[in-house]
Structures are given as C-alpha cells and as structure tokens.
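Peer 1: The chain contents come next:
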Amino acid sequence: DTGVSQDPRHKITKRGQNVTFRCDPISEHNRLYWYRQTLGQGPEFLTYFQNEAQLEKSRLLSDRFSAERPKGSFSTLEIQRTEQGDSAMYLCASSPRTSGRANEQFFGPGTRLTVL
Amino acid sequence: GQNIDQPTEMTATEGAIVQINCTYQTSGFNGLFWYQQHAGEAPTFLSYNVLDGLEEKGRFSSFLSRSKGYSYLLLKELQMKDSASYLCAVSRPRAGSYQLTFGKGTKLSVIP
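Those protein sequence lines, which keep their order, are chains A and B. First residue of the first sequence? That's -18 in this note's numbering, and the numbers climb one at a time after it. First residue of the second sequence? That's 374 in this note's numbering, and the numbers climb one at a time after it.
Okay, chain A solo, but in the shape it has when bound (with noise of 0.2 Å):
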C-alpha cells in the first residue's frame, strides 16, 4: 500500500494525558499536511512541512499542540494535557512538489482522538 498511513486510527485517552499521533506520507511527497475534522464540519488546517521546515501553523494551534517532521519523511502530532475539546479526528495529507493536478493533497484513514 503506498498510501499515507496514520497511526494509531484510534485513541481514547484521559482528560490531561499527552498523545502522540503519526503519520507516513507517499514516499515521493515533500509537502505534508495536518487537519482536525469534527463531527459535521469540513477538515481545519493545523500545520504544514515542506521538507522537515514547518513553514505554518494556524491559530488553531495552540501551545499545547506541537509538531515535527524530523527527517522530512514522517511526521508526528503531539498534544499535551489534553482537553475535552481536543476530541476530533486528525488527518494527514501530503502531496508532491509538482502534480498533474497541481496540488492536489492525498489524505491518510486519520485518528480519532477521544478525550474522557
């Protein structure tokens, strides 16, 4: 399977608790994404890596939230003390320098993060 793949595809943690999510883009993508999807909504753009530069964040990304992509190849998602509201599902994506259908992004299964 070449396809971006995340792991795990779900997590049920405590309110508090730090949870650690990765994600494995297409092997020839230099550009990755992160996005939080909740029940009913469309995905929000978290991060973005060109490489293993994190050249931006949004606001929806608060100091709790951090992300690394180490090597430009995986990439992990990690967030500290973890609130209620932190329950979503996260997504990856990646996507080539260049593409026929000039940047179209390839989504990974995504994890699902319940917070108790």
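Source of the hints: derived by calculation from the structure; they are not laboratory data. Keep in mind that the hints are not guaranteed to be accurate.
Here are the simulated DSS-like pairs of lysine-lysine, each with C-alpha atoms no more than 27 Å apart in a straight line [stated by the list, open to error]:
hint, chain 1, residue 1, chain 2, residue 2
1, A, 38, B, 477
2, B, 480, B, 449
3, A, -8, B, 477
These numbers were taken from a predicted model, which means no experiment stands behind them.
For chain A, the structure is supplied; the task is to place chain B on it using the hints.
Peer 2: Relative to chain A, chain B alone:
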C-alpha cells in the same frame, strides 16, 4: 478571510441527478477541489477545477465560475454508495505551497 458555503444536507433518490452547490470568498485562488468522504473515512479526491467551465468524469461533473465565486458538483445516476459527505475546498497559494480551505461539507443521503 476565507468563507466557503455549501448546504448542510441533501436527500436524493437512487437513479436521479443531484447538484451540490458551493460558493466561496477567499483571498487568493488556485483552484477548487471536490472531495468525497464516507463516514469515518478519509476524504478522497473527486474533481479539480481551475478554469471556468465544466469538467466531466464519468457520473460526476464539476463546474466553476471564478467571477461568481461559485462551483457545483453534479452526480448522475445516483447509487446507494454515493451516500457520503461532499466537501468543497478552495486552494490558495501560501508559504510556498497551496493550502486547502474546506467548507463544512454536504451530507448526501441517497434513498431507494
């Protein structure tokens, strides 16, 4: 700011045609995407328009009018498996890449 509007829910009958509209106001524009998302799954690409006009691909077509800030997705010969959310997303250049801003999605229910 960015604003993308699409209907929250629609219902249509199997075998029929349905049109899902999307209006947008964004700063910067580099095309409009439609994605399909089944419950609990990732969005999957349906169509991309960057120039005005109609793009047809099988049972799905998408239309764009940049001057009106308007797009629609047309689904023909509806099947039960088309029951899903349909996301309109505008692409705009940001930070050396292209950022997607999504609408809230239109939940389509196909009934027998």
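Peer 1: Work down the list of hints and note, for each, if the structure agrees.
Peer 2: Checked hints:
no., hint, in the structure
1, A/38 <-> B/477, "holds (20 Å)"
2, B/480 <-> B/449, "holds (16 Å)"
3, A/-8 <-> B/477, "holds (24 Å)"
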